[in-house]
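Below, each chain spelled out in residue letters.
2 protein chains.
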Amino acid sequence: MKVEIECLSCIIHRGYLEIAEATKNPKLQFKAASLLLDYLAKEFSPNAVAAILGTTRDRIIKRISGNPDVYREKKHISNQIAMSLLPILKKMMLIETTPEKRFRKAALAAIVGNIIEFDIPEHEVNFDQLKQLIVNAEEDLAVDEISEIYEEVKKASTILYLIDNAGEIALDKLLIGELKQLGLDVTVVVKGGPILNDATLEDAKAVSMFDLVDKVITTGTDAVGLPIPEERSTEFLEAYDQADFVIAKGMGYAETLTEVTLAQPHALLLRTKCNPVARHLGVARNKNVAKLMKR
Amino acid sequence: MKVEIECLSCIIHRGYLEIAEATKNPKLQFKAASLLLDYLAKEFSPNAVAAILGTTRDRIIKRISGNPDVYREKKHISNQIAMSLLPILKKMMLIETTPEKRFRKAALAAIVGNIIEFDIPEHEVNFDQLKQLIVNAEEDLAVDEISEIYEEVKKASTILYLIDNAGEIALDKLLIGELKQLGLDVTVVVKGGPILNDATLEDAKAVSMFDLVDKVITTGTDAVGLPIPEERSTEFLEAYDQADFVIAKGMGYAETLTEVTLAQPHALLLRTKCNPVARHLGVARNKNVAKLMKR
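Sequences listed follow chains A and B, in order.
Just so you know, my numbering puts 50 at position 50 of the first sequence, and the rest follows in order with no gaps.
Just so you know, my numbering puts 221 at position 221 of the second sequence, and the rest follows in order with no gaps.
No wet-lab data here; the hints were simulated from the structure.
Bear in mind the structure is a predicted one, so any value in this text is a computation, not a measurement.
Any given hint could be a false lead.
Pairs involving identical chains hold if they fit within one copy or between any two copies, as the list cannot separate such chains.
As the list claims (entries may be wrong) - Below, computed lysine-lysine pairings styled on BS3-like, alpha-carbon distance capped at 30 angstroms:
1) K24 - K287
2) K2 - K24
3) K42 - K24
4) K27 - K2
5) K31 - K42
6) K24 - K131
Same shape as in the complex, but just chain A (with noise of 0.2 angstroms):
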């Protein structure tokens, strides 16, 4: 998926916030945003990805500004919230008849979990209205594929679950327990270092992951998304050639998929937080997605 020229306000405002979070010097500041501004003048063409033009942001500021993890404190609290919220979510889940009903919900809660974002343009973290969202999460679904996404599941052995956010991967721990239910492999990924809330491995281990499944691995590194493929690492490309089938969540793996063939069958997951996402997907924003994606 390429940049529209609507990315650039986008990727400057978070750039400003991240900056002004990351760093109180104002000669660090105004170092990374012009180094930030020489990049994007060579790189931000019809033809960008906005989510390595985002990654390669962050590593600037993270770069200037000394400071490694600018949202630590954001996933922290995300985390310990969504946590608070799984056993009410649980016991919804409990109603539900047959293993096709639960893995509907589940998916559901995942799908709105990707809400959890911060500094995104006029999108709000509002996690009093999380709960509900989920409750009302079939309302807003505008990509319904979750009944072939089942099909494609059933098909499988091996899965992998791209994990998007902090806080969303708590959330993310019904689907993966219904996976795990129906007998699959499940080897979940999440980010090689800080970057924007991307869930990490000490997110992972935040939310208690190593006790649902055995392999937890990283991208390798610290990308938005999928990661450029000399950055991959051996670990994750072995895994993601292994699996039958790819569970990957929110906007940032939706911008890089598309640059890639893809090996085998991919479910995304997630909520259209920008007007280009959307559109993309020919949906409006604010929606819920479920999109199966064929090889």
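With chain A held as given, fit chain B onto it using these hints.
Below, chain B without anything else, positioned relative to chain A:
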């Protein structure tokens, strides 16, 4: 007044909105964005002035898009709406019993009129609230040097009135009317070409400014606030030199008047529509400011 790091986000956001409005051709949109980024990579530094960066941004967008006046329609509507408010505001002025009280009321209306500016992040122009905001203007008055300004006005014989925005220019007529009532020679200054929604000669005509004063001149250029010295017209320079007192409206003049040596006292009348300008003036955002700037 120099830029803060926050200005970057605003400059780019307005740039994106203007580019998207100026042309629907993606090739031209990206070309304008690229030139803007290239310019800012060189010029966005702690010594930069936001008004100058904004001026150059808009010149790039006008040149590449071929659209010389993105805000034309909004300026037209703003003038119409503000003009429709004038009769009731004039009636409200009638209850004031002294020239000083009328001057104060008119100054407050002119300040609130400064709200009429588009595409500033987190700033909404709500025309329906305009009358009520004028009625309640004292409540939002965070810097109140109207009495001091009135004393300076009484000492003067020639006033230069630096207009900011279309729409707002209709409300400025109330204050200019009071200055005329005091027997003063008033020269009204609009911009020499379209820039943002700043008033030009076209807007001065639209609100019948020529019925009120003998001289409506321009800055000689399409710059935000005070033009850079080499772009000032002889007409503007002569009028500026001859004025005993200057009334300057809006953030563009606030940003640029700090960069010159004042030859006479100035009144700065504005609404703080962004954090950096508010901080510079030591007040909160969305406040009314009437500040006397001494030589």
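### Query
Which of the stated hints cannot be reconciled with the structure, identified by number in ascending sequence?
6
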